[in-house]
Amino acid sequence: MNLSSRKTMWKVAALSVAVLTAVTACGSGDGGEGGGGEGGKTTITFAYWGSDARQKLTEQVIAKFEEKNPTIDVEGDFSNWDSYYEKLATKVAANDAPDVLSIEIRGLSEYAGRGALADLAGKVPSADLDQQVLASGQIEGKQYAIPTGVNAFSMVANTAALEKAKKELPEDTNWTWDQWMTLAQEISAAGGVTGAEYNFNPAFLQIFAAQRGEKFYDGNKIGVSVDTLKAWWAIHQKLIETKGSPDAAKSAEIGATGPEQSLLGTNAGAMGMWWSNQLNALTKSSGSEMTLLRMPKPEGATTGGMFLQPAMFYSASAKSEHSAEGAKLIDFLVNDPDAAAILLSDRGLPTNSKVLDVVKTKLPETDQKTLAFIDEVKSELSPIQVPPKGALEMEDILKRNSEEVMFGKATPDAAAQKFLTEANAAIAG
Amino acid sequence: MSESISVTPERALAPKRAPDQPPGRRRRTPHVNIHRRREARAAYVFLAPWFIGLFVITVGPILASLYLSFTDYSLLEEAKWVGLGNYTEMFFEDDRFITSLKVTTIYVVVSVPLQLAFALGLALALDRGLRGLSFYRSVYYLPSLLGGSVAIAILWRKIFGTDGLVNGLLSVFGIQGPGWVSDPDTALGTLILLHVWTFGAPMVIFLAGLRQIPQSYYEAAAVDGATKLRQFRSITLPLLTPIIFFNLVLEVIKSFQSFTQSFIVSGGSGGPVDSTLFYTLYLYLKGFKSYEMGYAAAMAWVLLLLIAGLTGVNFLASKYWVFYGDTK
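The listed protein sequences derive, respectively, from chains A and B.
Numbered according to my numbering, the first sequence spans residues 215 to 643.
Numbered according to my numbering, the second sequence spans residues 10 to 337.
Hints are supplied without guarantee of correctness; some may be wrong.
As the list claims (entries may be wrong) - Dumping the calculated DMTMM-like pairs for lysine to aspartate or glutamate here, alpha-carbon to alpha-carbon at most 25 Å: (1) A/Lys632 / B/Asp103; (2) A/Lys282 / A/Asp342; (3) B/Lys298 / A/Glu636; (4) B/Lys298 / A/Asp310; (5) A/Lys435 / A/Asp461; (6) A/Lys305 / B/Asp172; (7) A/Lys632 / B/Asp172; (8) B/Lys167 / A/Asp296; (9) B/Lys167 / A/Glu474; (10) A/Lys632 / B/Glu102; (11) A/Lys270 / A/Asp287; (12) A/Lys282 / A/Asp550; (13) A/Lys632 / B/Asp136; (14) A/Lys623 / B/Glu86; (15) A/Lys305 / B/Glu87; (16) B/Lys89 / B/Glu102; (17) A/Lys429 / A/Glu609; (18) B/Lys298 / A/Asp545; (19) B/Lys298 / A/Asp581; (20) B/Lys167 / A/Asp461; (21) A/Lys378 / B/Asp172; (22) A/Lys301 / B/Glu86; (23) A/Lys457 / B/Asp172; (24) B/Lys89 / A/Asp550; (25) A/Lys444 / B/Asp104; (26) A/Lys356 / A/Glu377; (27) A/Lys282 / A/Asp545; (28) A/Lys452 / B/Asp194; (29) A/Lys270 / A/Glu539; (30) A/Lys356 / B/Glu87.
Stated by the list, open to error - Covered by chain A, according to a simulated footprint, are these stretches of chain B (three or more residues, beta-carbon under 8 Å): (31) 82-95; (32) 182-193; (33) 290-300; (34) 317-329.
Hints listed in this document are in silico derivations from the structure and should not be mistaken for laboratory results.
In this text, a Cβ means the ideal position worked out from N, Cα and C, and glycines have one as well.
Turn these sequences into a full structure, and let the hints steer you where they fit.
Written out as C-alpha cells, the structure reads:
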C-alpha cells in the first residue's frame, strides 16, 4: 500500500466518523425538545391519537392557537389509536413525555396514579365547564385531566333498514332486552340486513350491571356478579341462536374493527351499540340516517344504567418544563369558541356551556341530533365513575372470556369465574 | 506486538521514502510494524461505528433487560427489585403464559416440518433443468420476502374471512366454510399455512444443495438399475441432510420468534380465545398493554434460553441423522 492511498483511507475514515457523529447529533437534538426554540419561542409538544380527519382538525386548531400566542410553538405528536399508549408509555419512561397529552378515562388512573400527570386545578380555568363531567378528571381531589367533551354509550339504529323491514322505530323509554332481541330476530328474518350486532364492550356490561343494581367497579374490586355475567352472555347467545345477529366467528371478525367496518357502517345491519360521538363515523361510512336510542332494560328495572362519559381528556405531564404554556393550550382547547368552531364534536360535544352556545348553530346535523339526545337523557344518566388502574386491560379480558362462552370453549359459570379472577388481578396489580 | 511498542512516535512518522527505494534490512522489521499499527488503527476507526452500535444499541440494552427481568417495572415508575418473582409467576401462576407456550410450540412443530417438506419438494421439481429456472425461483422466493409483512397478514385476514376468497371458492361446491381466522379451532391453522407459504428461503438453499450433489452418483446408480425413488432415498436425501439440518435450525429459531402474523391477524389480541397467542405477542401485551415491562423482560430471557436449549438439542440430535460426506 502506498502513501497516497493510505491518506485517502484516513480521509474516508475521518469522513465517515464525522458523518456518523452528525447523524447522531441530529437524532439527539430532535429528542431534547425542552429548549427555548428559535427567536425566544417556547416549544411544547401535544400528543393525541385518532383518524386522519382528526389530525387535520388538530393541525388547524394548533395553527389558530399559535396565531393567538405568537410566543408559543406547538408541535403536534400524532399517532393512531393502536400505538398511542405504547408510544406514550415509552416516552414517559424515557423522561421525554409530551407537555400536553390526550388520555381516556380508562388510562387516567394508570398514569395519574403513577405520578405521570400534573394537577391542573387553578391552572386551567374550568368555571364554565360542566362540573359533574369535570369531576371525572379528578382523582383524590386533584384535577389531573380536563374532559374534552361528553359521550354516552347508546343504541344506534339505521332508520331506513327498520323501515325496509316494516318495523317502527321502537319507543325507547321503556323497552326491554327481550323486545330488542325479538326486533333483531324479526329484522333478520325479513331478509336484507342482519338485525343487530352484539359486542363485548365493558360499557355495555356496565350499563347492564347497573340495571341490575350492580357497579362494574366497586371500590377496588369488580362489582359484577356471576349471575349478571351469565345473564349478559345469555343475551348474546340468544341473538346468535335466533339469527338476530351473526354467528360467533363472524361477530369476532367484525368486532376486531372500528365503526367504519361494522354492520351498521357498511349498511349490513340495523342496530348496534356505539358511543354517541361515533354517530358521525357511522353515518358517513354508511350514508344512511342513524338514530340514537336509549339502551333497553330488563323488565321492571328502575334505572336505565346509562352514563355520561368524557370522550377523552387533556392532561399535562408532571415533568413538563413549560407547564404554564401547556395549561394555556388546554385552556384554549376547552374554553375558546374559536377552538370549538374548528373541532366541533370531534372529541365529544363540548361541555363548556358558553362555548356550546356559540357553536351550537355551526354543528352539523348529526351532532345536533347527538346534542338533542344527550340533553333528553341527561337527567337519567348516572354519575361518572373513574375506573381504577388496570382498566385499560378490561376490554381484552372481557372479550377473551366472552368469546370462550360464545365458541363453546368454556361454560358460562367457568368463564364468569375466570373473568372475575383475571379482572380483579388486573386492577389490583 | 511488543516490538511495535518500542517504536517512538518520531520514527513512526519518519519513513517518507520514495516507493521504489528498497527497504533497508535493518529498518525492515520496525517499518512493517509501523505499517501494521497504522492499518490496525485505521481498522479500529472504521470499526468504531459498529463497536459503538454494538455496545450502545445491543449489549447495553441486553444487560438492562436482564436487570429489568428481576424487577417490577411499569415504564411509568422506577423499577422495583423483586428477585425471581417474575420467573416463578410465569411458570406457576400464569395460565396465559402456558397457553402461549403451547400455541407457539404447536405452531413450530407443525409448520416447520411442513414448510421444509414443501420447500424440498419444490426444489426437487425445479432442479430438473427447467427452462426459466431463475424466473420460477424468484416467483417462489417472493412469499419469503413478503410473508412476515403487515400487508400480507391483512390480506390473509381477508382471504380467510367469513366472506373471504376461500369461502367464496368453497361456496361454489356448496360448502359453507367457517370464518377461518375468527374461529378458535382454525385460526392457528391459517397462520401455519401462512408460514408454510413462505417456503422460498429454504427452497433456494435446498436448490443450491441439490446442485452440489455430483451427477456421477446418479449415473452410477442408474447403471445399477436403481429407480428414481431409490436414488432419492439413497443419494439425494443422505447428501442433503446437512442442508436440511441447517434449514431446520434456522426455521425453528425464526418461527419461535414469529410476531407480526398473529399480531395483525388477531387484531393484536392473540384471539379468538387465545388460539393465536404467540409467545412474543404475549410478551408484547404484558409489556405494553399491562405495563409489566419487568415481566416481559423475564419472558424474553426465558425465550432466549428456550431457543438456545432447543438449538443445542438439535445439534446433539444431528449426530444421529446428519451425514457429512467427508467424515465417513
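Which hints, by number, does the structure contradict?
-> 5, 6, 7, 13, 14, 18, 19, 24, 26 and 34
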